[in-house]
Structures are given as C-alpha cells and as structure tokens.
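Those protein sequence lines, which keep their order, are chains A and B.
Heads up: the first sequence at position 96 corresponds to 96 in the working numbering, and the numbers run straight through without jumps.
Heads up: the second sequence at position 145 corresponds to 1145 in the working numbering, and the numbers run straight through without jumps.
If you're looking for bench data, these hints aren't it; they were derived computationally from the structure.
A portion of the hints provided could be inaccurate.
[Said to hold, decoys possible] To spell it out: a stretch of chain B is covered by chain A in this simulated footprint if at least three of its residues, at any positions, have a beta carbon under 8 Å from a beta carbon of chain A; those stretches are:
hint: 1; region: 1031-1043
hint: 2; region: 1048-1054
hint: 3; region: 1093-1102
hint: 4; region: 1105-1114
hint: 5; region: 1142-1156
Being a predicted model, the structure only gives us computed values, none of them experimental.
Beta carbons are placed, not taken as given, at the ideal position from N, Cα and C, and that holds for glycine.
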Amino acid sequence: MVVNRTLNKPLADDLVRPLFHTTVWFYGLVFALATVVACGAAAWGTQMWFGIGVSGLGWPVFWGFYLTNFVFWIGISHAGTLISAILRLVNATWRRPVTRCAEVITVFALMIGAMFPLIHLGRPWLAFWLMPYPSAREIWPNFRSPLVWDFFAINTYLIGSLLFLTLPMIPDMALVRDRSTGLRKRIYGALALGWRGTTKQWHRLESAMQIMAIAILPVAISVHTIVSFDFSMAPVPMWHSTIFGPYFVAGAIFSGIAALIIAMAVLRRVLNLEAYLHPVHFENLGKLLLLMSLLWVYFVFAERLTVWYGNEPSEMAVFWATQRGSYAPLFWTMVTCNFLIPFPILAFRKTRTIPGAVIASVTVLVGMWLERYLIIVPSLGHKALPYSWGTYSPQPVEIVIMISTFAAMALLYTLFSKFVPIISIWELKVGDHPKPKLTPGELDEAAGLWRVRP
Amino acid sequence: MTSIYGLYSDPNIAQRAVNGLRAAGVADREIEVISSEPFEEYEFSHRDSATWLYWIAGGGGLLGFVSAYLLTSTTQQLWPINTAGMPIVSGIPNAIVIFEMTMLGAMLATVITLFVSAKLPSRGGKMYDTEVSDGYILVGVEDPAEHLVDTLQQALEAAGEGRVKRSA
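For reference, chain A alone in the conformation it holds in the complex:
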C-alpha cells in the first residue's frame, strides 16, 4: 500500500498550483476590484473633507447605510469561524475542504465591518476616543455603553478568528516553502516559522485548535448578541426587545452560510477545485441554509406577533410602516429573498444543487441586507413622538462606499487565495487516511514497547 506518493503529492500539487501560476485574468480582476475600492476610498475622503453632511444622515435618522453595513458584515463574519468551529468539534469529515474558505470570510468581513463605525464617526481621527485609556479628559469610556461592549467583542472575535485561521496555515506554509525557490522560499519560510512536522508539533497544534474551537464558539455568539444590544438597549420602537440577541445571531449565521456557499462556488470554478469541493459539500451547506431560513421566518413571526399583539402605538407605527407603508416593498422583498425563494429551492433534493444553492444564497444576502436596513431606519424614523418622525435617503457617497466594501471583500479574498492554499492541505490529507494495516502482533509489540520504555 502506497499512501502518500500516489495520493497526496498530486493533491498538494493541485492545491498549491494557484500560488505558482498567475494568469492575466488574475491581474485584470485585481485591477478592476482595486479600482472600485479606490472609488470607495475617494468617497470616504470626500466625506471627511466636506463633513458628514454629505451623507444622508440627519435628524432623526442618524444611523443609515453605514450602520446597516456594519451589522451586515459582522453577520457575514459568522460564516467562517462559527461554522468551522462547530464542524471541527463534532468532527464532521466533510468540513475539511470547507474550513479555510469559511474562516477567511470571517477575518475579512470583520475587518470591513469594523471600518463602518469609523466611517460613521465622520471624524475618524478621533476614533481613539473609543478605546479605554487614561486621557487628559479624565473620562474613561463608559463600560455600561453597548458601543464599548462592541469594541471588546469585535476585537476579541477578530483576534480569535485571526489565530483560528492562521494556526492551521503553518504546516501548509511549510509545504509551500519546500516547493519554492528564491525570495518566495524565504517569505514562506518565514511564514512557516520553522515548522517541521514532528509528532510533538502536530499534537500541540491539534490540541490548540481544539481549545480555540471551544473558546471561539461562545465569543462568536456573543459578538452578534452584543451588536444586537446596540439596538435593544435603547427605548426605540421595535428595538427594545429580548428576542434581538438570538434573532441577530440566527440572522448572522444565515447570511454567513450564504456568503460561504457563494465563495466556495466561485473558488471551485475559478481555481478548478472540482475534485475537492464536491456537490455534497454544497448540499450539506444547503441543508444548513434551509434550516436557518426556517429559523429566520420563525424569529420574524415571533417578533412581529408580539408587537402586533401588544398594540403599543409607537411600535405599531413602525409595524405598519414596514408591513404596508412606505417600507413595505422592501419588507416583502426581504421575505421573498429570505424565505419564499430559498425555501422551495433548498427543500427539494433535485434543486439543492450547486447552482440552486448559489441562487438561494444570493437572494439570502440581498434579503439579509434589507433586514438590517429595515431594523435600523424605520424605527429611527418613527420614534415615540410623531413630531420627531422623519425619513432617510442614502446619498451617493454612502452608496459608493457600500459598493466598494463588497469589492474590497472580493479583492481580499482573491489575493488571499493567490498567496495561501485556500484549502487546508494537511487536513484534507488526514481525511484520506486508511486504517493501519499492522498485524495484531505488531500492534501489541508497539504498545508493549511504549509502556515499558522511558
């Protein structure tokens, strides 16, 4: 039986090939995406130069597109680390090709999401006021403020996710190092940190990943719960709700899985990873997406029923504005995108294919973005006293910045998959291990030696 030479070397060759071969299409794609990102940066610069007044933000709707995008991207970040950690802990074998694709989304989505509060500040150079440090103002940030909780939660999740992503990358960096020459060898050598693959190193890495998976799960849940606290701690109609924590977490996982399916489908096509990202992976993720779609509908129903039954005037104003008022087209589009389209596609095995899962995922992302918008804007526009009612219209600067963040995500993902094997090679190899074929006598001999020797 020859395990490694015949099976694993081609596997490793396949997965590192994109790192060594660059096509013209890659440069074209990077240029196009970088151009859109530059437009976003210019729009942000314009806002800083002329002031936050160039955005559509104003009394009474001070949270608009920027906070919508903040919540949306933090939600997308649940794709990776949370899903990867759950699958790792339950030892789901089909997770192996999926985990890194997912974990990367978390890190980049968090980075993009965390930028929006800075953009929203208007004067980002004062962002350090959010950080707890003893200053000449003699005022520390208030630990009772949900915005300060955000600071701690997002940074903990970002650091944890970054470690969760990069630790299993070390052995793969060593593999790329051994196949490289010149400057590339030096760079990957530095990134591999001198990894050799001794039994001790493997044990420590696997134990560390087990602990990280256990630790990161409650952090992931807490992050989106705390983001929901930004809203539910305020006495604003349809925000002050105990359901918001789990509702936000469910929505985050929902949109996160959708983002993961789209990313995997693109990688499969562009990097020719058909041999590793099988239809069964999309089918399994499609089942998860279906489950989350049903859960999402349940939460929306529970939230809406409670508000309707309570019949509190200020809440009913927001309720009717979204059900049949000026926001109704967006609300029903959201329901269509999050349930009416994905449910029938994903409920039947015949349509739970790769194209089916991708179509469902695209609609879910649109629907979830609308959900974030509909949580924020109608409530702020219909506060308790009618004299304070108002509307919000996003301005070009906000729209350009929003589009540029999608381009930034695509750009970061493209560059990452160019420089790092997007599928964890060593984890994939472990999944292919056959059972040991030692004779019972040999196994006894080995075990006996281990017991008596130092």
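Guided by the hints, dock chain B onto chain A, whose structure is given.
The following block gives chain B in isolation, referenced to the frame of chain A:
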C-alpha cells in the same frame, strides 16, 4: 549535526521503522518522526501527547477574568459616571467585558503555549528533509552514537520499502 533517517511513503512501514529503532536500543525520546500530516491512527504519533495546554488555557482565562474585573471596577471607581441610575460599579454590564477578556486570555495563553512547547518559531538546523512535504514520513535519530550508526541503518532498512539517508 549528524543524523540518520529513513523516508517512507507508507505509515505502516514507518511504524515498523520506529519499532526497529527501539529494538536497536534507541530511547523513545531520541527517535524523531516527521510528517506532513498527523497520523493519529498510528502508535508512533502518540508520543508527546501529554500536555498542560488545557490547564494553561484555563489559567490564561483566569488572568483575563481578573484583568477585566480590575479594569472595569477600578476605573469605574476612579472615574465615576452616573448612567441612568445604574450603580457606579455595575456588575451586569461589566460581565460582558469580563467575559470577552476571559476568552481572549484563554486564546492567547493557548497560542503562546503552542509556540513555546512546539518550539516555534525556530531557525532550522534540525533534522529535516524537504521530501516530507511530498508525503514521505521521516523516521530517524539525530546525533547518533558513532558505533550505533550501522545498526540503525540496518534497522531502518529492515522496516520495508523506503530510503535511508545520512546527513553530516
């Protein structure tokens, strides 16, 4: 540094090579097994599995807990801010910050311990062969006693299909 090692494509043969080295009188701690993937199914990979990592992670969490408690409660006492009738030192809101820093402490302690115990980063100079990245399993001994080298070579060759190398 001198070393003698065998490169095997089959983990069963690698296990036999390890057994052969033991039988030749090499202590377990002197036998190095290097691979491009973990082989949990084989006895040779069970060495060095005992670890304090879980306890250290717990210690890191405790450190994070205490740091966060001091950060929140001490600063609230030093710079008191009245907020909506809540106590100056508010345990429930502080619990959120304390929770995050506890988990951060556990994660950072885990990673630091991983790096220290796995001797990362290292500058090289240890026994290694780039063919490990092609899927071969390296079984060998670093700085073997001069009189044992031929015996070790025989033990490594007797394991089965593979290549034995010496490096100076």
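Going down the list of hints, with the structure as the test:
{"no.": "1", "hint": "1031-1043", "verdict": "holds (count 12)"}
{"no.": "2", "hint": "1048-1054", "verdict": "holds (count 5)"}
{"no.": "3", "hint": "1093-1102", "verdict": "holds (count 7)"}
{"no.": "4", "hint": "1105-1114", "verdict": "holds (count 7)"}
{"no.": "5", "hint": "1142-1156", "verdict": "violated (count 0)"}
The structure shown violates just one earlier hint, number 5.
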